[in-house]
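The task is simple: from the sequences and hints, build the whole structure.
Residue numbers (our numbering), protein chains in the order written: chain Y, 1 to 288; chain G, 1001 to 1312; chain B, 2001 to 2236.
Keep in mind the hints are simulated off the structure, nothing from the lab. There may be inaccurate statements among the hints.
[As the list claims (entries may be wrong)] Partner residues aside, some chain B positions facing chain Y, computed with beta carbon under 7 Å:
id, residue
1, 2033
2, 2071
3, 2073
4, 2074
5, 2077
6, 2083
7, 2088
8, 2091
9, 2093
10, 2094
11, 2098
12, 2103
13, 2105
[Claimed, not checked] Stretches of chain G that chain Y covers, calculated by requiring three or more beta carbons in the stretch to come under 8 Å of a beta carbon on chain Y:
id, segment
14, 1202 to 1210
15, 1259 to 1265
Backbone N, C-alpha and C define an ideal beta-carbon position, used for all residues, glycine too.
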Amino acid sequence: MELLTEIMQLVVNGLMAGAILAVPAIAFSLIFAVLQISNFSVAAHIAIGAYTTYVVNALFGLPEAAAVVCAFLVSGSVGVVSDHLALKPLRTYGPLTVAIASMALNLVLENLIRFGFGNAVQALDLPVYRNWVFAGVHVAPQQFFNFLIAAGAMVALFCLLTFTSIGKQMRAVADNPTLADIKGISPEQISRLAVFIGMGLAGVGGVLIALEAAIEPNMGFRVILPVFAAAVLGGLGNIPGAVAGALIIGVAEELSLLALPVAYRSAVGFIAIIVALLFFPRGILGKR
Amino acid sequence: MTTYVLSVLTFGSIYALLALGLNLMWGMTGMVNLGILGYYAIGGYVSALLTVKLGLPVFAGMLVGTLAAALLGAATCVGLVKLRDDYLAIATLGFAQVMALIAQNEIWLTNGTDGIGQVPRLGDELQGQSFGILYLLICLLIVALVFVGTEVLRRSPFGRVLRAVRDDSMVAATAGKYVFGYQMKALAVGGGIMGLAGASYVHYIGFISPEVFQPQLLIYIFLALILGGRGNNLGAVAGAFFVVIIVEGTRFIAEIVPSLSAVQIGAIRQLIIGIGFIVVLQNWPRGLIPEPLRRYRPPADPAAGQGSERAG
Amino acid sequence: MSFLKVDQVVAGYGAHDEILKKVDMVVEPGEIVSILGPNGAGKSTLLKTVAGLVAPRSGTVEFVGADIAGLRPRDVSRRGIVFVPQEHNIFASLSIEENLEIASYLDKAEYRTRLAQVYARMPELADRRRLTAGALSGGQRQSLAMAMALMVGPRLMLLDEPTAGLSPAAAEKLFALVRAIRDDGVTIAMVEQNALRSLMVSDRAYILVDGRNARSGSAQELINDAEIRQIFLGEK
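Here you go:
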């Protein structure tokens, strides 16, 4: 009974953590789907989102909701500008050249933050609530709110892609950019929009991470392994797959605590990548 | 000042070794390995542990460290090499992160974040500049040997197969097992060279900690190879020294601007490296010393509506 | 002034690659024109050059008097020229109806009307409108590709091997559809492997060999030409 409650607690924690991971994971996957590029600078955009929240919330005292919106807009805009300046000119050299350049871009963005804010760890000014307890399982209200924000972001993206004209255009470009061009859609514009939404979501992911943990310039790099693992597990470019992958990794990371020292929790992401690639080379949802 | 120049050149040699190893994996064989610091670290750690804890002579430590890294390279091949492009990049990045976790957490072995100090340095009985000169000469000798070795490899039939694998994915796909052996050898030898770099580092500095996994080093080495020209060994060496000079040069640029904190100066230096990387890639995509064009050109595919050049 | 006039066009994919070596072609309104020739003759490249997928290195492409050489594919489409590629001519991961919706992007105002017309003409698509397009059979995919082209009310349709990979029955059906579309007033230029069958539905044809014009003339004339029959139809 004790163990069962413990496992339930870990599963609940894992789902909450997984939902947060899912936000940057779908960002990575969305950009991959539309541009066919692994953009490693998602890591820095996570930090950009977090620092935006820090400025908006801790310095100006605005509420969380405003912070989320600002983080989306700021990191989305930085994403579009940096993609335009740094990565777009490289696309003719192939996706891997761009992927490697995106690591350099990540270094640039991370150090811009470092230049402005320093290396010191920042934290948000948040009220502390008493945990909710259901059948012996504890849930922190903050954790639950984060879960709601993450779920909201995912639902919003899902609705955009499924029901709106612009979302269908985005899927069309992801599927077949040449045909989309023939049909009158500008793949460049849609790519720009995908980068904006993708990096905006990475920023929202950064807010969620900031609400749970500390804010520092290299915070994105510390979570990038499970984020990539979630995207790979779901099949690169598959957005529902990335959500499923993130939830699996979130739960697996928590359950690993039963067997592994806490320090190795993030190794779960790597193991998940290897397992995924050996057994589900096209992702667990098996598309593309 | 002389000591400083000696140290810059010694680091240049160590970077050159890393770039030569990366050139074998990525430049010549086309495998994007973002886990290169894993081999570098294991070379350094193994050599440090053997010399500190078992008292082995430095040369033996370096040899075993190199072999350990080569083994790790071969092992990477088994797990990862079948993956294509982006997946390989992500998986190898993860591999290095797990190595970093082990270095941080297996305190009984690695001392964790405190690192391993008091590592015997090669030629330690010499004082000050004599040590620096001797060590630089040793490093340059190693670089020269590795350069000659990789250049022989590049010109050999073995090297031609590697380039064929890189330039034509059909070869890689259809020749399956046959190609696998070549890729494994390339990863093992490349990993070994990086391990040797790690061992050369640890017996120069006399200390190793999980700091060796700093992501900017990964960027430096890729920059060195891109600058020098992918596939070109001479370019890899030249690129490595060039990168060290830029990295060190930024130190002086940062000092010109007054009233900056140490963190800000560090950030500016990284910014310059990162921006430089992108500028080089945009303007000289094949490097300052491009690989001599002698390779097979696949015919343009008329079915592919727009020209999509394969690179990376 | 011709409807479509391709004049002395040189084009290819890479910097040193020349597939079309000064090709001429004229298409008049209401015609079906076939482009025939052996593999590698540059037939598809010619269509792609008109469609904006390949930029000509020299020569001109005029459509109702305006120079369209080097325009982007979407700007060519905007003028009423719709290119139907041989492969990858549908969005496989979108539903059939989403495909048709995307296809009407350049003329959204007529979406409802044209959707009804297309469904009336191709009931097999109407029955499967929520199905993912990738799940369609070869013949149905081709129907969808044609339906997508019709969603913008084109003036000129460029078809790249529309019957490739189809069964004889499906190919027959497709040729009938091509004629019906022409009878609605749409001009058609198509590349075909099946030379005889294609000539039988066409008014005129161009024969390319190694990136150059080899022959041209009315379909009837070419069908009856002994040399043509020998080269393309394997008769002796």
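For each hint, the structure was consulted:
1. For the restraint placing residue 2033(B) at the interface with chain Y, the shortest Cβ-Cβ distance is roughly 20 Å, beyond the 7 Å limit, so the hint is violated.
2. Given the 7 Å rule on beta carbons, the hint for residue 2071(B) is violated: about 11 Å separates it from the nearest Cβ of chain Y.
3. Hint status for residue 2073(B) relative to chain Y: holds, with the closest Cβ pair at about 4 Å, below 7 Å.
4. Taking 7 Å as the C-beta contact cut-off toward chain Y, the hint placing residue 2074(B) at the interface holds, the least distance being around 5 Å.
5. Hint status for residue 2077(B): holds, given a least beta-carbon distance of 5 Å to chain Y, under 7 Å.
6. Taken as an interface hint, residue 2083(B) checks out: its beta carbon lies about 5 Å from the nearest beta carbon of chain Y, inside 7 Å.
7. Annotation: interface hint on residue 2088(B) holds; nearest CB of chain Y at approximately 6 Å, less than 7 Å.
8. The interface hint given for residue 2091(B) is met, as the beta carbon of that residue sits about 4 Å from the closest beta carbon of chain Y, less than 7 Å.
9. Interface restraint check for residue 2093(B): the shortest CB-CB distance to chain Y comes to about 5 Å, inside 7 Å, so the restraint holds.
10. About 6 Å separates the beta-carbon of residue 2094(B) from the nearest beta-carbon of chain Y, less than 7 Å, and the hint is met.
11. Look at residue 2098(B): its Cβ gets to within about 5 Å of chain Y, closer than 7 Å, so that hint holds up.
12. For residue 2103(B), the interface hint holds, the least distance from its beta-carbon to any beta-carbon of chain Y being 5 Å, beneath 7 Å.
13. Checking residue 2105(B) against chain Y: minimum C-beta separation of about 4 Å stays under 7 Å; hint holds.
14. With 0 residues having a Cβ less than 8 Å from any Cβ of chain Y, the segment 1202 to 1210 of chain G misses the three-residue criterion, and the hint is violated.
15. Using a Cβ-Cβ cut-off of 8 Å, 3 residues of the segment 1259 to 1265 of chain G lie near chain Y, which meets the minimum of three, so the contact claim holds.
Hints 1, 2, 14, counting from the list given before, are not met by this structure.
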